[in-house]
Every structure is written in structure tokens, then in C-alpha cells.
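Kindly generate the complete structure, drawing on both the sequences and the hints.
Just so you know, the sequences run in chain order A and B.
Using our numbering, read the first sequence as starting at 1073 and increasing by one per residue.
Using our numbering, read the second sequence as starting at 1073 and increasing by one per residue.
By construction, these hints were calculated from the structure, which means they are not laboratory data.
A portion of the hints provided could be inaccurate.
The list treats identical chains as one, so a pair stands whether inside a single copy or across any two.
With a cut-off of at most 27 Å between alpha-carbon atoms, the simulated DSS-like pairs for lysine-lysine come out as follows [as the list claims (entries may be wrong)]: (1) LYS1746 <-> LYS1662; (2) LYS1662 <-> LYS1717; (3) LYS1414 <-> LYS1690; (4) LYS1226 <-> LYS1621; (5) LYS1704 <-> LYS1418; (6) LYS1577 <-> LYS1113; (7) LYS1717 <-> LYS1412; (8) LYS1710 <-> LYS1414; (9) LYS1401 <-> LYS1226; (10) LYS1710 <-> LYS1418; (11) LYS1582 <-> LYS1401; (12) LYS1369 <-> LYS1690; (13) LYS1412 <-> LYS1710; (14) LYS1112 <-> LYS1746; (15) LYS1412 <-> LYS1174; (16) LYS1401 <-> LYS1690; (17) LYS1704 <-> LYS1414; (18) LYS1414 <-> LYS1439; (19) LYS1412 <-> LYS1704; (20) LYS1412 <-> LYS1690; (21) LYS1226 <-> LYS1489.
Just so you know, these numbers come straight off a predicted model, no measurement behind them.
Number of protein chains: 2
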Amino acid sequence: MRRTVLHLALLVLVLSPAAARPDGGMWMPQQMIDLAPRLKKLGFQGNPKAFADLTGMPMGAVVSLGGCSASFVSPDGLIITNHHCVTGALQYIATPERNAVKEGFLAATREEEAWAGPGTRVLVTVAVREVTKEVTGSLGADLTDLERQLAIEKRSKELTAACEKEGLRCRVASFFEGLRWFETAAVELKDVRLVYAPPSSIGNFGGETDNWRWPRHTADFGFYRAYVGKDGKGAAFDKGNVPFKPRHFLTVDPAGANPGEVVVVAGYPGRTSRHATAREMKDLVEWSYPRTARRNKEMLAILAEVSKGSKETEIRVATRVRGLANSMKNREGVVEGARKGKLLEKKSAAEAELVAWIDAEPARKKKYGGVIGSLDDLQAKRESVRERDATLQALYANSTLLGSARTVRRLAEERQKPDAEREAEYQQRNWERLREGQERVQKTLDLGADRALLRYALLEAAALPKEQRIEAIDTVAGLSAGLAEAEARAKVDAWLASLYASPSKLGDAKARLALFDGKPEEVLAARDPFLDLAAALGPLDKQIRDAEKSRAGAMSRLGPVYMQAMLDKAGGLVAPDANSTLRVTFGTVKGVSPQDGVFYLPQTTLQGVVAKARPGDKEFDAPPALLAAAAKVLAAGKGPFVDPKLRDVPVNFLSDVDTTGGNSGSAVLNGKGKLVGLLFDGTYETIASDLLFDPVNTRSIQVDIRYVLWVASQVSGATRVLSEMGIRP
Amino acid sequence: MRRTVLHLALLVLVLSPAAARPDGGMWMPQQMIDLAPRLKKLGFQGNPKAFADLTGMPMGAVVSLGGCSASFVSPDGLIITNHHCVTGALQYIATPERNAVKEGFLAATREEEAWAGPGTRVLVTVAVREVTKEVTGSLGADLTDLERQLAIEKRSKELTAACEKEGLRCRVASFFEGLRWFETAAVELKDVRLVYAPPSSIGNFGGETDNWRWPRHTADFGFYRAYVGKDGKGAAFDKGNVPFKPRHFLTVDPAGANPGEVVVVAGYPGRTSRHATAREMKDLVEWSYPRTARRNKEMLAILAEVSKGSKETEIRVATRVRGLANSMKNREGVVEGARKGKLLEKKSAAEAELVAWIDAEPARKKKYGGVIGSLDDLQAKRESVRERDATLQALYANSTLLGSARTVRRLAEERQKPDAEREAEYQQRNWERLREGQERVQKTLDLGADRALLRYALLEAAALPKEQRIEAIDTVAGLSAGLAEAEARAKVDAWLASLYASPSKLGDAKARLALFDGKPEEVLAARDPFLDLAAALGPLDKQIRDAEKSRAGAMSRLGPVYMQAMLDKAGGLVAPDANSTLRVTFGTVKGVSPQDGVFYLPQTTLQGVVAKARPGDKEFDAPPALLAAAAKVLAAGKGPFVDPKLRDVPVNFLSDVDTTGGNSGSAVLNGKGKLVGLLFDGTYETIASDLLFDPVNTRSIQVDIRYVLWVASQVSGATRVLSEMGIRP
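What follows is the structure, given as C-alpha cells:
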């Protein structure tokens, strides 16, 4: 089959020194036109070129939730996505009486469908157009890097503003290291309601233990519905809103996905770094990722300690805990995969080849010569302050109170300027979203956890080397470089005691939102320990932002040259790194040998759920109702959604599509363009593909639509949802 | 294929309530006559009935090392077995200058072949005959259980003595729970020399991490040579001895073992408990095995602590550490396998069926009625003192000094009787072996470890319940039931201080052997803290031995009735539980699905060794020479012992033969009766088959002879060994 040919070709690319950047294939929709023959050869029966039409089928049904992917599955705006993409909503609707995260949720009627909370959004991409010329065309050669970046930002904001005049949500994004720029336009739906999600013992079965692992047995699905005003347009949550009527919705194929069959996945992959330089990659693999893994582990221990004995704290920090654990395992996976796959060695060798290729011809040397050296200089500069910069971010990230203080102060600062001159993040178009974020934090704010994690970041600040100090912290907490650990601890603790001595305005929802909405000069004059701290950190924060802008400006010159060199050298079709824009990837349902002597079969079944189930366990506590229904299937070997060959219900499956974080919840289509599963993870051996695509071992993990339908009908009794998708068990 | 049919049949047996005891198939050689059609159907090309002839081919080439299996592979007495079966010899020949365990050993000439040390034996079984009538025929019905057992022991000793008149080593052993008895006769060769063993980084590659696991990449092989006196008869080690000329030796097939091919394994499996009652099995799974797993874990931690900073102690305790870790993992494996496979539930159900079957017919009820109840009573009695009995054994086992003290005192006691009346273990025929054991302990004796482990057992004695106290310990150490832990600790430590205050005679090789050889009355009168302790424990030791004899006497009445009932009910050919006698098992090279969604491929290759290799790691430190040779193979895809299909050297393989501990080192023969591998382990999912055979998941792990030959020729340069086996790379 063609995929095999593709794989072999990729293998050659990887092994061949001539190919610096093997091509993984998170394709831009418009690239599908050129890829049509490949997809056809894999067995796709529809017209592959249809994927380039964002307003047609099936792309018109594919949506973003911002960080997750999803799809419409009914004419009444029913949306299917992952369970872990609706966890925030479950947390939002949870009450002390009803732990919706644990128990799940099922609206018996449309009236019972529950608002997913502020910040939940559905974005339907309707157009993508190239704007490279508009963004980076004819920028003066005499501009400094900072001026260059400011000009690019100004142009991007102008484009966005013009685009959004049509009532859309628009974004200007860089592709291929700034070589090309595209403007994407999306319809934004803000009234999103939870329809159905199974309990976490089904939807998150396997928990952290099984996360990023195969064999997998997780029903990682949930259903939303998008609502709009009676005029059919996006509107804020209102009981009187009506279901959105999408232009297109996917139809379910209850035959599911089967080994050897073609699958196409459309979604919003977040970020890959396959086109990074060797030095940038070294920074990620040897500094950034191990650091994240270590820090997350330590912070998880702190949160476990803080939560001990308090169910309430445990619930409040649950989202953070899951996020830390997930990214920890991800980073560990990259580091391990990089070691095993000799990633840095391969990258360096490929880069050396690129340099040699450039130097081999005067014309090339003239065009591309020295670009990698310049990129390395840029990276070296960044590395010289990386501990300090990362620690400042950690202060904001670890303390919700400090993070909020920064947000309200930054907003107040920016609001003093005309909208067009504001930093993009603080332009009026983002106020609602920012405000919702400030509303939402109340659900996850826990003062004990806030203080413990801020302490962790402060101790990091205390330990910074002499040339990378955060002076504002040194001043307020009485720290200095080279302080003995015990002494630093004592000073930090003493200062923290004063910081949390009286309740901060930022900890109170009303007061916080009042600051958000307040007059800039009043906000900036307001006194509060956290506002004061944010003010003290402000100058360094600005300094770092400017440095980043300068760097971005330099990148906008160097990146395109670098990328063009690589494209010239590689030739042919190349997918750009993921950047949270809509992409299409395709492949085959197939197993993999993750190591010598072992083979991952392409499917798991109910039998495996039963084998893993351990009553009362935190991660494998499959509910009795599921086990009883499964026992019936296993005894009979037939029943609704049972695969006749397996005599069991297929649960999860592997495919060699190329995906990453952000693809969670992506629709998996079969050769007829019908919905046969949802993507929700990758195998552990796949993670390092974010940096260097491994064409042999990369596998995504999907939930088979048959398991979704089986759980919905046989365990949850969610027949209303099934009927709406046209399914009768 | 036939094996599949057999498997299905077994599956039916397991699932069918009518079959109490599924049949795994560690067959007695004479059973092979009836099994010939099965073996033929699997693809065996020779005459399967030949396996019943112990003095013919191939059985004449198969030997026991006592705890391990092995085979002759040259006309000059060259023997192949596992690396972990020659570790004791490597330890024996190690010097402070040369860590042979780590570095391996290769004798460049026959002269350099090194004596494996006292206690290393090669036993060549030459005859097996049934002696049921002689052992248990016409025993008076009026005998007490103890008298009955003593009569059986007396008859066994008489048979053994008569058998050994021919210069053989004989043994009378019970089969089928005492229903049948067989006498085995073996030639014993005592001058065993080490010829070649790879370094532990090859022969024990993967260490404890990979132990009982797949995928596996271990070159678990080593070579001995048996020497005899110039008259061709077994003799003590003497430089003037000459190589033994075995009647038969196996020839190597350098084509190795390949997926789907039939394999036959001949060796000495140690012990299985498949025919135990439900109550006996419950004792194993719920008490004995979890207890061993827990204790071993704790003792391993103690030994790690004691070894910290002392290379010498580490080497001295290495064998014990490996043993504890291995049995810990084994026991954990049984417990986990029992839980997953619902072993106790299945066993109880099967036993209930057996009872119902017995009760269903008056004739059966008369013959078998009540037997399980009686066995349960016997077991209940044993359980009532199991903590005490196990703790007494732990005292002897944990302290080498106390164990030796017991041995020399017991020997002195027994030597006061005529030889025929001595306990079998202390009859003159065993003195040499016992003495060698006392010689050998010097290599592994470490006073710090001895004291720490004795302390562990003493604290167990301190915690015994009131009705199971060891009074002698209570008296000497001032302990009593219900003492607070801290107090018990203090008393034990105080007493230990006095016990180890002055060097014990048992710690000195010369003094210990003098006691071993000494006049009984002098030995029994000799004073030494450990001899005194052994003397104080003597009465309880005797009491427990007598209780065990009574139990054995009762078992000799009940066991045969119980077994006969099971055989009558099951019908057909059944293999007896393993009992360290020569057995044959056969099957196919094949993979297995250990859990839903995963498949273990049947072979591993050099590629996997390279992938696992981690320089400097304790367990995965593949030597540079091996990695360099492997790199060549991987680059070329051909070379000596490379499989043309895999384009790599096969390393280990799986087969569904039925084996257990003791089978280590067993020859694996192909359909032509040629040597294609060595058995050395089972998968983790296999371990519980020792209690209840799992016909679906059980897999043994073998090293492919091609990896043996490749390592020998391409890494070690052991061409002399290869040539002797008729192999030219």
C-alpha cells in the first residue's frame, strides 16, 4: 500500500544525510490537493481534494475548542470531543453535592444541558488565506530587530481587525519559520453546553498510569452542544439561545475502524519543533524538557502534600495536577525517546549536512551562508538568561493570585493606549476571554496550594546565579545570590507569611473582576500585596518581553532564510510545524513493534478493560454497570457494536497518523469520510516525534466509535445522544 | 497443528468443571511412548519413543547438575548449561584480582579448565524403575502415621542402598501424590571443570529487571567439562583425571530454532503443585508466597544496607541476593497470576466438582469419600503452627553460622546410630556432599550479613503469637509474646551483641570442618555460642521433623486415594507434578499475547541488545566488543549465525513447552533431535502455571543456539569450544 511506500520513503529521508527534516505530515488543508494521490492509494474512497475546502464536507464539521479539537455530529450542533477536553466543564458544573468530574454527566433533555462555563468556545475555521506579503513584505532593511517585530505585530493587528469586521474571529500566524504567513478566520460560538460525559472511571480509565501508553482502554469522549442567539449568530450564554445549525456535520459509521483501513484525522495540532535548529533542539532536550519533568514531579509532590486530608483542595487542584502529570510524562517521553533515537546526534548530523550543502555552491552560500550561525547566536543570547526568564514565568504561573495581579495590571497599562497600539493579547477583542479566565480561576483557586507553589518558585528565584537575579524579588524578600539554602528558605517563608497575612483582593472573585473592569489609573494605584509584587516585577517583565520581541524580529529575518535553505535542499512537499491551526493527517489502522520482541496489536477490546479493572482503585475502578455489560458481551460474543471477528467490542486502536497535543478530540474518518473514532493520545515511543518525526514507531491512539456507542447505550443509557447521531443500538 | 489441538483440549479441561487438574505436560520419559503421536503431529522427525530410553539418544546426553539441567555436547564430556547455573563455579574461581563472575572465564587449553569447586556434580540418569509395591505395599493398617512414614523411609533407604551397590547414585521418589514410586539411578561425576562462560554483562544481560520478563536478550549459557579417573569412573577432583566419555552427546544444529518449529525440552524440573488441594493452594497463594515475597524484599534491603561501601561484602552476598530477588519475583508472579487468573476460585470450583463426582456414586463414595476433608484436616494442623515452623527454618537459613552449627550437631547425633537407621540426609552416602557444602560456605560467609539476617529472623521469632513461640529463643534472648516492638528490638540486639562478641568456631573453615569430621560425643559436647543455640533449638527441631513425618505418613495413605479419584475422573494421560526427576516436554516456537492489545513476538535479536545497552549500567552494560560486533551485523544484515529472514542474529525465543525451576539449562531439541537452544526462564505470565497450568499464556524463554555460537565466536573468541562441537563460524 501507498502508506508503506511513504514510510519507506521517509525512512530513506531519515537515514539519508541529504534529508535534514523528515516529513511527518500534519498537512495544511490546501496541501491535501497535492496529496490526493497518496490518500487515494491508501484506500480513501471520497475526493481527497475536498479537505482543502474549509466550508465543505468534512472540514466544515471540524472545530477547535482552543487546545482541543472536536466535530459536529448532528444538524442541531451536537459536538463530539474527548473526555479530557470537557473535564473543565465537568469541574465547572460540579457542586459539593455532585462531583460531576467523577460521576460524569448526562442531560436527560435539552433543557438540562449545562453551560460549560466561561471561556469554553467553539471555533469553526471558515477561511485561510496567505498574507505573507502583507505581513513581512517590504519591511525596511534599516529597522532594528525590535522595530521589525513591532511592524509585523502592527500589520498583523491591522489584518486581524479588518478580518474581524465580518464578525469572525481571526488570527495571523507564521508558518515555516516565518517564511509564509496565513490569516485564518473562524466563527466563534460562546454558548457551549455539556450534553453527556461518562464518569471518569470510564472516560479517564487507566488515569496517569495508562496516559501515553499502549495497551489502552479509555473511553475518552464527551459531548457538547453549541448554542447561538435566535438570529443564528454567536452569542453569550443565555437560556433563550437555540442550538446552532452547523453547515455540515459528520455521520457516524458504526462499523468503526479496522486494521489495515485508511483513516484521516482533521484537527488542531498545537506545536511541534521539527524545524528547530540543532542548538534550539539541544536546549529543549537537555535543558527545558528535563527541567519541566523535574519541576512538575516536585510540584506534584507538593500538591499531594497540600491536598492531604482535604477533598476540597484535591478537587480544586485536580486540573493542575492532571496537567503537570501529563506534561511531565510527555517531557520524560521526549527525553527518553531522544536518547534512544539518538535525536540530537541525528539533528546535528543533518545540520552539518545542510551547512556543507550550502557551502558547496557559491550561489547557495551567498543566499543562505551563515544563517545557522546567526540563529545559534540568537539562541545563545536566549540561553544566557533562560533560568531567570523561566523563573519569572514560574512565579506568575505558580501563584494564581500573582498571575491575576499581573493580568489586571497589564490590562490597565494597555488600556491607556488606543486599541490598535495595545499588545495583541490585551486588545479589546480579547477582553471577554481574559475576563472569563479571571472568573474561572475561582473554581481552582486554593490558597494553600497557591502559597506552596509560589514558595517553590521563590526558592528557585533564590537559587538563581548571580548574573540572572530577579532583583525585585531579592529586594522584597531580602535574598541575594549564593545564600545558603536554609537561610533562603527562612527568608522566603518569612516574606510569604506577610504576603498571605491578609486576604488579597485577587483572591476574591468580585474584587478581582472589579480590578479587571476598573479605571486604569485606579487599578494601577490600588494597593494589595500581590498587585504590589506584580508592579515590582513589571520592569523586568517588560524587559523580557522586549527581548523576546527583538528575538522574534531577528527570527523573522533569519527563519525564512533557514527554512528556504532546508526546503531547497529537501525538495518536494513538506508540512510546516504545528501551530494550532487546522491540519489534516492520514494513515492506516496498524500495530507497531515498540521494541525488539514485542508487537502492539492495533486494537484493544472489552476483555482488556475487564482484565485491568480493579474495584476501588483510583485509576482502574471500572464501574459495576460497565463490568456487568462487558461480562454479557464476553459470554455471548455478540451484541450491539460487537466486532464479529473479535467477538468483542473494539475499545481503542492505533494508527500511524501524525498528531500531537491539540489534536485531542479530533475526528477520525474512514475511507468513506465517516466518523469511526476520536483521537486522544499517542504512544510513549511517539512523543519524541514532536522534535524529529520517527516514521517507523509513531502511533496515535484513538477510541473506536463502537466503544463510544457501546458505553453510551449499554452503560450510560444515553440513547438520546445516539438517536441524534442516527444510531440505534 | 497438534499442539493447538492439545491446547484446545486443555482449555476445555480448565473450563470444564469436570476437570480438576489440567495437564501441563512435564512428562516422565516412559510416558513419551504414549505421546509419540502428538509429538509426531507437531513435526518431530525422529522416533519419539526414543525419549523413553534413558541410555539411548538423546536422553543419554541429558544430565542434572542438581538444581539445574545440562547436556553433553562433545565426545570429550563438554557440557552446556545456563550461565546462571555456573555462577557458583565462577564465584568459586574468582580471586581478589580477577572477578570471574563479572568478567567471565575462558580456558584457552584443557589444562586451564578450572575446577568448579566442591559440590558441583554431574548426574547422568541411567535407569528408572517403578518401586511402588516395594515402598508402600503391605504396610500394616494398624501403623500410626509416624510409624508408617518411618517404614517407608526404611524401605526407601534399603532400596537406595541396594541400588548404589552398583556404584550409582540412586533415589526413591514419590509421583502422583504417593500413588506411585520410582527409583532413579544415576552415574555421578564429581570432577567438574569450568570451560567457558561469558561475562555477566552478556550472560546475565538484563539482570533482575529482565528476569522472568519478555522481551529478553540474555546469553544465559556456560560450558563445563566432566572429568573422571583414568579408569573412566567418577572420581574426586584430581589434576590427573581425564575427560569423561559420555555414551551420547547432542549435536548442534546451527540453524537454531524458528517460529512454528517443534521443540522438545529434556531436563529436571524442580517442583510444581498442580495436584495440591484447594486448601493447600490457598495456603501457598495467600500465606506462603506473599510472605516470601515480603520477607525477601525486606532482606534484600538489609543486604543492600550491609553491602554499602564494601565491594567484598557485595561479592560474598551476591548469590544470596540473586536468589532472594529471583524467588521474590517468582512469588509475586504467582500471586499476581493467581489473582488475574482467578486461580483459587477455579481450584475451589474444580474441587467442589470432584467432591460432587465422588458423592454421585456409592462405589466412588466408598472408595474416595471424605479424602479431601481428611487432607484439609491435615493441612489445618500444619497451618496452626506454620508461623513457628517457618520462623525456625528462617533462623537456620538466615544465619550461615547457625545453619552450620545445626548441620554438624545433627550429623554427630545421627552418626551415633548404624548407617541404615540414620535420617537419609545424614547417611554416609551424603557425607561428602554435606562436607563440601560446609567447605563452600566460606566463600559466601559475611559476618555482618549473617548477623543482620539472623536479627531479622529473631525479630520474627519475637513477634510470634503466644501459641506458636519458640521457647528456646524466648529463653536465651529474654523474649515473650506481646512484647512491644522497641523492647523486643533492644533485647534481640543485646543478645546478638553477646552472640557475635567472640568469633564462632563455625566461622572458621578449619574449625568448622573439624567439627564436621569430629567424634560425635566430642562435637555434641563442644562449646560455642552457635553450637549452644543449635542445641537449644534441637528439641523443637526434632518435634517439627516428627510432625512432618507423621504428616507424610498420613499423606502416604490419603494422597494416593485423592490422586486416584482425580485420575479416574479426568481419564487419559496425566503428567505427575515435577519432583526434580528427568522429564520431557514439547511444544512449538511461538509468541503469545500477554494482555489485550499486546503480542510478544517469538524471537528477539541483536538489534534489541543494542537498543537496551546502557554503558556503565549495572544490568544493561553490554560490553563494547559485543556492541562493535553487533553493529557490524546490523550494518551488513549477514554474517555468521545471522538469520537470513531477520537479517540479524536471533537472541532469545519463546516456546509453549511446559517447564519450571530446575529446567534451567535444559537442552532444547528441534524436530531432528538436534540442539537448537537452552531453556533458561519463563515469562512473568507463566509463573502461576506452577500451581494451575495455563494452556494459553504459558511460555518458556530460551536462548537460541545461534546467539550462543555468535557470542562464543564473535565476541569471546572461544573457537576451541565451537570446534569441539563441530561448528565452524
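Checklist entry - How would you label the pair LYS1412, LYS1704 (within, between, both, or neither) given a Cα cut-off of 27 Å? => result between (43 Å within a copy, 19 Å between copies)
Item to check | Alpha-carbon proximity between LYS1704 and LYS1414, which holds within one copy, between copies, both or neither at 27 Å | outcome: This pair counts as between: shortest inter-copy Cα distance 18 Å, intra-copy 48 Å.
Next on the checklist: At most 27 Å between CA atoms: does that hold for LYS1414 and LYS1690 within a copy, between copies, both, or neither?
Outcome noted: The answer is between: 21 Å across copies meets 27 Å, while 36 Å in one copy does not.
Checklist entry - Is it within a copy, between copies, both, or neither that the alpha carbon of LYS1710 lies no farther than 27 Å from that of LYS1414? => result Result: close only across copies, 24 Å inter versus 47 Å intra.
Checklist entry - Is the C-alpha distance from LYS1704 to LYS1418 at most 27 Å within one copy, between copies, in both cases, or in neither? => result between (51 Å within a copy, 20 Å between copies)
Next on the checklist: For LYS1412 and LYS1710, with the copy left unspecified, which applies at a CA distance of at most 27 Å: within, between, both, or neither?
Outcome noted: This pair counts as between: shortest inter-copy Cα distance 24 Å, intra-copy 43 Å.
Checklist entry - 27 Å Cα cut-off: does LYS1710 pair with LYS1418 within a copy, between copies, both or neither? => result Classified as between: cross-chain Cα gap 25 Å, same-chain 49 Å, threshold 27 Å.
Checklist entry - Between the shortest in-copy and the shortest cross-copy C-alpha distance, which are at most 27 Å for LYS1582 and LYS1401: within, between, both, or neither? => result neither (37 Å within a copy, 58 Å between copies)
Item to check | Same-copy or cross-copy closeness of LYS1226 to LYS1621 [CA-CA at most 27 Å] | outcome: within (13 Å within a copy, 95 Å between copies)
Item to check | Up to 27 Å CA-CA - LYS1489 versus LYS1226, copy category | outcome: within (14 Å within a copy, 107 Å between copies)
Checklist entry - Using 27 Å as the alpha-carbon threshold, which applies to LYS1717 and LYS1412: within, between, both, or neither? => result between (37 Å within a copy, 25 Å between copies)
Next on the checklist: If the cut is 27 Å between Cα atoms, do LYS1414 and LYS1439 qualify within a copy, between copies, both or neither?
Outcome noted: neither (31 Å within a copy, 70 Å between copies)
In summary, the structure is inconsistent with hints 6, 9, 11, 18 from the numbered list given earlier, while agreeing with the others.
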